[in-house]
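*Asks:* Here the structure of chain V is known, so what remains is to put chain F in place on it, guided by the hints.
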Amino acid sequence: MGALSRLGLPCLTAEAVAFLDGHGIYTVEDFLAYDLYRLGDGELQKQVIAGLLQHVAATTNCTWTDGATLFERLTTSTTLVSTGCPSIDDVIGGGLRPGTITELVGTSASGKTQLCLQAAAAAALELRASVAFIDTSNSFSAHRLAQIVTGLHGKDKFVEHKQELRNVARRVLCFKAFDIYTALRLLDDLLVHMDGAESKRGGDGNQGDFFQKLQLLILDSASAIISPVLGGAHTQGHALMVSLSGLLRQIALKHNIAVLVTNHTVSGEGGRPKPALGESWKSVPSVRLALAREDESDCCTATVTKHTIGACGESVPYVLSRDGLRAFEAEEPGATQQLEWRQE
Amino acid sequence: MDGSSEYPEEALLRFLQPDESMRDFLLRTFVEPLGTSVPFIDSAAIRPGNVVEIFGASGSGKTEILTQAVATCILPSEVDGVGYGGAGGAALFFDLDGRFDILRLVRILESRINEAQVAQGGGDADALSQVFTASLRRFRLLHCHNSFHLLAALKMLQPEIRQIVQNHGPDSLHLICIDSIGAFHWLDKGLHLWAGHRDALTQSGLSKAVVTELKHIMKRHRPLMLATKSAIGAPNRWRPYGSGSTTASGRSPQEGARGSHEDEDPELPQKAVLYHKEYMPAVWQDFVTHRLVLQGPASPDPGGPHQQALLGPPVFSAQWEKPPGSDIAKFVILDVNPRSLRAASEARLPVATTSPTLELQSADQVSSC
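Order-wise, the sequence lines are chains V and F.
First residue of the first sequence? That's 1 in the UniProt record's numbering, and the numbers climb one at a time after it.
First residue of the second sequence? That's 1 in the UniProt record's numbering, and the numbers climb one at a time after it.
Next up, chain F with everything else stripped away, as it sits in the complex:
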């Protein structure tokens, strides 16, 4: 309402005027879901502007999911008649854990590009490496070492985004990844000891500042945000639903004789809900629109590794916690042999024999009662 206080009726009428038609409203707000190529994330129809938190203990595949989503984001949708299934967008990656591995992203890109090419009946190496380099250029990474470093980076993000827009076109920022949001939890928790008990410089104060900065960015550019949150504190004793039987049947007799099945919890929860424990301040919790909970395979026994070959690839589980979902999706992460590390970094586009992908296990959707 403006300040024309002389004619209150007119002002009131103006206020009651429709702002926009339903059609305009829908055109403005309806946005296509964003594909991440991770099946159980795409099934939830994640849209730009959403904030998805991925929770899980170490080794439950959080960073892998981010990397897969980044690959889909930065690959082009189509070049010279070859479809790559990507979005051709730019991705920003805040690495707070210092564990992002460019090699993993490179391998995923290589294998997807190769697959697309093979599906089209082969292409020349030049075009391949062009797609590859152009995709990598749309990815940007920054390491942060503490909360203030993260805040500084967020405050100075505008020039970076301007550059992205300049290079890759308007609305090209599709994805922001944060790995992982709780990385400085313990550091910030003790902050008040030296910050003189001021509200702004407490754990929740800093979290609020981070969320405020992120909100500004989300409002302006509407990217999808994926943030991982690793489990802290007490070890996660819950096993993925159904994994107990897999492990038991896959075990060799000697293994059983050694008594390593002791940790087989007889009181496995019947209603399968994956373990989630909140420790982030409330302001972050409110910011999150979706939450996916992951669980890795039971960690290999440090004493007896022999059964690994018998078991096949380890099975990971995923479940939506917000909005709540009862289905637990099972997936495996297909790996390239670590021995090829040297070879892969030397050769530009080796033919990927096993594609590093995240695969949904077929017919393995376990639904709870």
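Chain V extracted, bound-state conformation:
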């Protein structure tokens, strides 16, 4: 928010600035909040309004898109981003959709981070896309990512595998953000970089390439940075939360990127787990997938609890194995191997 006179617009002559001052319009925001019909319709007014509107049009995106174009975009340029687990892809409608936010809710050790890593691995390996992983709780593990890539890639092709692994590792960038302010700054930077990458195709080498190919943004976990600022002494907690979700959405929509966030659970009424980010966060994700571990067993279930276009309530069992999340089969052949991994 800067003074109008500093914009250097040709329409803002000394006379015009004085006129606007008289109406209490000092900044662009003041101008936007002012009822222009009250300014009158003299020659000066017309020039000032036209000039300022032109400035606003150039700085904010107010272009309407018609339905036919939206549909065409959907049919031609939508690549669903797989989570790396076909049965989970199936329940959420084929995979993570670009332009939308998908949320994973679950108790600890229900496989939230595992699924995030797996989605990152799958996107980097199969789509050759770049992945931005924002780690807020130090849960990112390159070692684990490598294990999952190995699982996805197949161990038989070990020779090419080393090279492939290196490529995948290069495509997944992990950012650490341990509080919401850092995360906001990070997302802001990300948006700026992506705008830059869009405008000058193949710009500054490696980095430009990364942002151009970005298809998946992971925030693990969103609740770890949002919950501390909600309630109590933080009066601005909700504003921070809305800013964060707004930025995620902006990145998703503007650059057609699939966003995956996680939300841990706290104990709710009657000791049953409920999502840490409750009612006000509920409207943020388009798809919400609840992960739950059956008591004391290795079998977990993933349930769609919210879907903007599909049905809710469908669930699928899965197990956590060394190679990542796998569909649960009654006679799991890798059961012993899985135990080994847990003992490691």
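These are calculated hints, taken from the structure and not from any lab test.
Careful, some of the hints might be misleading.
[As the list claims (entries may be wrong)] In silico negatives: residues of chain V with every beta carbon more than 12 Å from chain F: (1) Leu44; (2) Glu126; (3) Ser139; (4) Asp209.
[As the list claims (entries may be wrong)] Below 27 Å or equal to it, Euclidean Cα-Cα: the simulated BS3-like pairs (lysine-lysine) are: (5) V/Lys46 to F/Lys208; (6) F/Lys215 to F/Lys322; (7) F/Lys322 to V/Lys46; (8) V/Lys46 to F/Lys219.
Glycine is no exception: its CB is placed at the ideal position from the N, C-alpha and C atoms.
*Replies:* For chain F alone, kept in the frame of chain V given last:
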């Protein structure tokens, strides 16, 4: 009164002259109610120029109702002797939540077009896709990321409307949707901290500016406005009237044994009034002419999803709050399987097996005492 102060009697007489006859007045002001194809909205005879607010928690079907209304608005009323039940108008959609899904609209259009065609004994695929594309062209969407973005969009709406009029004829703007009006509530609430405590740049100031801009548009073009408002703050603990029994009877025995019926509130309010909590500034409240309150089904238990198949489609409730209505309409949202997402985006007009529609549950009008 003009400035002819020399003959005050004449001026007075002129002032007392009738402006228009009753017939002219009626012709000017009486407008047919606008159909949205959502049964409980149409029963309230909503007319162009009305501002309908749809309140509800997340997942109570607000966006779905908007999408249904948009579909009715943009479908043609009749093409080549086939009636599509639409209004053939243009619709503008302000998406402040970023959650509008074109796929959902496409599916509703497809299924309605298919239904109309089947009722007429089939038509050729070419005509189908023509109706489909022409309808989609009458729909326009804009994402806004903050209140200033919304204000900028409203200030620059005239050229857009001019284009609509040019393409689709005069008076073709039938519907303006805002989803959802309270999206920037928390952001605007903290605005005064950096805006230097100026009246124009406070939450109520911005709301006033938005309403002023909207009023200009409403006055000039008389569209119907549908705006959603999502519930904020404390979780909504009220259950839809009668849903308690449905849930209880539909539950499997194991489910009951696990003790998940604990949240069954014994003090369910007897007089069924759906929960509504106002948080928008007064200037918006005054702008709203009708308010519909929605309530979604009790959210599925994240721990035990197994009973879903037994319960059938979740039941939503709706009630008019302004003007007050005592009837609670129950409806279900019929879905297409999410697995067909890939198929639906590839094929243009797949035969919809289950039509995504909003259906009023028959014989389920629950009236309170």
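*Asks:* For each hint, tell me whether it holds in the structure or not.
*Replies:* Each hint tested on the structure:
Residue placement check: V/Leu44 keeps its beta carbon more than 12 Å from all beta carbons of chain F (closest about 18 Å). Listed as outside the interface, V/Glu126 is consistent with that label: its C-beta sits roughly 16 Å from the nearest C-beta of chain F, beyond the 12 Å cut-off. Residue-level check passed: V/Ser139 sits 21 Å from the nearest beta carbon of chain F, beyond 12 Å. Listed as outside the interface, V/Asp209 is consistent with that label: its C-beta sits roughly 27 Å from the nearest C-beta of chain F, beyond the 12 Å cut-off.
Between V/Lys46 and F/Lys208 the alpha-carbon distance is near 23 Å, which keeps this suggested pair within the 27 Å criterion. With a C-alpha separation of about 20 Å, the suggested pairing of F/Lys215 with F/Lys322 holds against the 27 Å cut-off. Taking the CA atoms of F/Lys322 and V/Lys46, the gap is near 40 Å; set against the 27 Å cutoff, the hint is violated. This hinted pair checks out: V/Lys46 and F/Lys219 have alpha carbons roughly 22 Å apart, not beyond 27 Å.
Hint check: a violation occurs at hint 7 only; the rest are consistent with the structure.
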